[in-house]
Amino acid sequence: MTYRSHADLGGQDVRDPIVQEAEGDVFHAPWEPRVMALVVAMGPTGLSNIDMNRATRETLPNYRDLTYYQIWLAALEKLALQNGVLSESPPAPKQVQHAGDVMARIKRGWPASRPAAGPARFSLGDRVRTLQREPQHHTRLPGYARGKVGVIEKIHGAHVFPDTNAHGMGEAPQWLYTVAFDEKELWGDTAPLQRSVVSVDAFEPYLEPA
Amino acid sequence: MRVRALEAQLTEKGYIDPAALDVLIDAYQTKIGPRNGAQVVARAWRDPEFRLWLLKDATAAIASLGFAGRQGEHMVAVENTPEMHNMVVCTLCSCYPWAVLGLPPTWYKSAPYRARAVKDPRGVLKEFGVELPASTQIRIWDSTAEVRYLVLPQRPPDTEHLSEQELANLVTRDSMIGTGLPNSAA
Chain U
1 MTYRSHADLG GQDVRDPIVQ EAEGDVFHAP WEPRVMALVV AMGPTGLSNI
51 DMNRATRETL PNYRDLTYYQ IWLAALEKLA LQNGVLSESP PAPKQVQHAG
101 DVMARIKRGW PASRPAAGPA RFSLGDRVRT LQREPQHHTR LPGYARGKVG
151 VIEKIHGAHV FPDTNAHGMG EAPQWLYTVA FDEKELWGDT APLQRSVVSV
201 DAFEPYLEPA
Chain D
1001 MRVRALEAQL TEKGYIDPAA LDVLIDAYQT KIGPRNGAQV VARAWRDPEF
1051 RLWLLKDATA AIASLGFAGR QGEHMVAVEN TPEMHNMVVC TLCSCYPWAV
1101 LGLPPTWYKS APYRARAVKD PRGVLKEFGV ELPASTQIRI WDSTAEVRYL
1151 VLPQRPPDTE HLSEQELANL VTRDSMIGTG LPNSAA
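In order, the protein sequences belong to chains U and D.
Residue 1 is where the first sequence starts when you use this note's numbering, and the numbers rise one by one after that.
Residue 1001 is where the second sequence starts when you use this note's numbering, and the numbers rise one by one after that.
None of these hints come from the bench; they were simulated from the model.
Every value quoted in this text rests on a predicted model; they were computed, and no experiment measured them.
Treat the hints with caution; some may be incorrect.
As the list claims (entries may be wrong) - Below, simulated BS3-like cross-link-like pairs (lysine-lysine); rule was C-alpha separation at most 25 Å, straight line:
id, chain 1, residue 1, chain 2, residue 2
1, U, Lys148, U, Lys184
2, D, Lys1126, U, Lys94
3, U, Lys184, D, Lys1056
4, U, Lys107, D, Lys1126
5, D, Lys1056, U, Lys94
6, U, Lys154, D, Lys1056
Next up, chain D with everything else stripped away, as it sits in the complex (with noise of 0.2 Å):
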């Protein structure tokens, strides 16, 4: 196999230690995922200061939370209203916030997605089943540099009795990239 046969070589030649390669993919497959954004979101909806130091100065008020680091170094959070929906994609490659998100999907680091996202995001959020009034406007982040972004969803109506765990469960991965919503309080 390519992979273990490569991975020996450079442990032989001395740049790899595979001890490290366990400990990186336990930490994107336990640790470091959307429910990180989501923690950063129901602050943001039930804490007014913090709503406003996220969208000042994101990478410190998410580094407040414990999820600074690699892949969120230059973060900036874009937030979603009736008149405005933020949609991200990476036509590029496949930049995205990991410290907040975690590792992409496959979707939005496929052709269909990154090609269509900027040219058709109406139709792209259609595929995603998420409809938006005529009259919001959608504005794309192409992440084309080292800045990472991250959507701020509207709060779902109904939720002023939850807590802030309550609202993090309500926060989707999708809604954070802008190509969904966040679920409604049961």
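So that you can see chain U by itself, here it is in the shape it has in the complex (with noise of 0.2 Å):
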């Protein structure tokens, strides 16, 4: 089966005005907030991971016609049916969210560092050309800056590789860069400058020396 992502938007040709909104606003609305509430309390019980929500969410096959609760709502209910949670035999949460430990469990956050298994293969400064190919499952290299050459700004420490997490492989840390790449190397000589530098945070396995 292939993997398609409708959520890989940069770059691409989307004329809509952007539509601001004031400070406070961020809820439009009432079930909104249930929704991301449901979503932020299912972390704890071990059923999914960030990057699993995210592959679910990118290939709902009408991302772009949802809101963005709607599709959190939508990818919520799709985990829930594909890990039995609403079946007879629903398997045992790892850990419920109950109320009194709800500050305590945001402040711990859910670090994506991790020991890394080898020394980092490229050093600041270095110039890399990301992978051309669009792989087969979640990934998070932007088309964009699919095999493009850029430069190693900051070094980040292993991390959770999605690639592999979100299909439920295994965490398999990897190096983690910052990679910064010229305006005309991302979008050709046509496109009007701007005297702008992009830069993503690409994992080890997207880059190969340039």
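Two independent chains are provided; combine them into the complex using the hints.
Have a look at this one:
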């Protein structure tokens, strides 16, 4: 089965205006905060992880027609079905988020950093080329930054690798780098120059020496 | 209603404690929002040592003010200068530094911002009413992993006499994403 993300929007021709919003307006329907809280509260159950959630959202066939919390809701429903949560014999939750420890859980967060399995392949200032091919699974290298040459600008240590973690294949920690690209490299000589540099955070398997 | 049905099922099966949902919603409506980030910025404007710490190890510097945690586990602060303007986007989904800015505004998660911020940053800034000098370089940080970015905006002129709280009041959410500038002193 082919994997298709509908969420990879960087550089696409989307002309709708950007609708600005006052600072306090984070929800736009009474059910939206409930969906946000359900998704966050399902975290400790261990039935899914952040990369599985993202993979489930981005592959919803009607992704582009849904509002953001509709996407969250549809993915939550889909994962609940997939994981047998609503079946006769649901899997046991690892932990249940109780009201008393919500704030402590938020404060602890969910760090993605892990001990590295080996030394980093690249150093600051190295020129690297990103993978060209589009993988048939969840990935975090945006389409506009595929097959491009950039420079390693920051090294963040080893982090959980979304490409495996999204598919239940383990965390397989990989070195994570900030890679910066000149605008001409990304958009060619014909795009109007903006005096801009774009960076992505790229996992080591996305990169080759350039 | 779909949400209620799902919540009832998840509660019945023992995955969800509905009381926890109320606490979570209250946290992101009243406690965790852009005023947290504004405190960080105001401190950095007033305290040169804190500014250096923030630029070197943002996670630790921000944690020292009590704003550590979920979607802020790996923070990087990027400083605007007359030569360099920083702007943050997540083209793949909606990655955003919740611990300092709260939940993202709808436009940040929307297709037009995600599509255009990387390719036409000056056009996007114009939509937000920001026009930068042609000589200013624009740096766009696409949050494609679990690192979260906070923009440290330039301190507005004539604010030497202001207290930290007064400075924080000038800091807008958009100025910490890089799509806006701080308010000027009255």
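Evaluation of the provided hints:
no.: 1; hint: U:Lys148 - U:Lys184; result: holds (10 Å)
no.: 2; hint: D:Lys1126 - U:Lys94; result: violated (48 Å)
no.: 3; hint: U:Lys184 - D:Lys1056; result: violated (30 Å)
no.: 4; hint: U:Lys107 - D:Lys1126; result: violated (36 Å)
no.: 5; hint: D:Lys1056 - U:Lys94; result: violated (36 Å)
no.: 6; hint: U:Lys154 - D:Lys1056; result: holds (12 Å)
Of the numbered hints given earlier, the model fails hints 2, 3, 4 and 5; all others are met.
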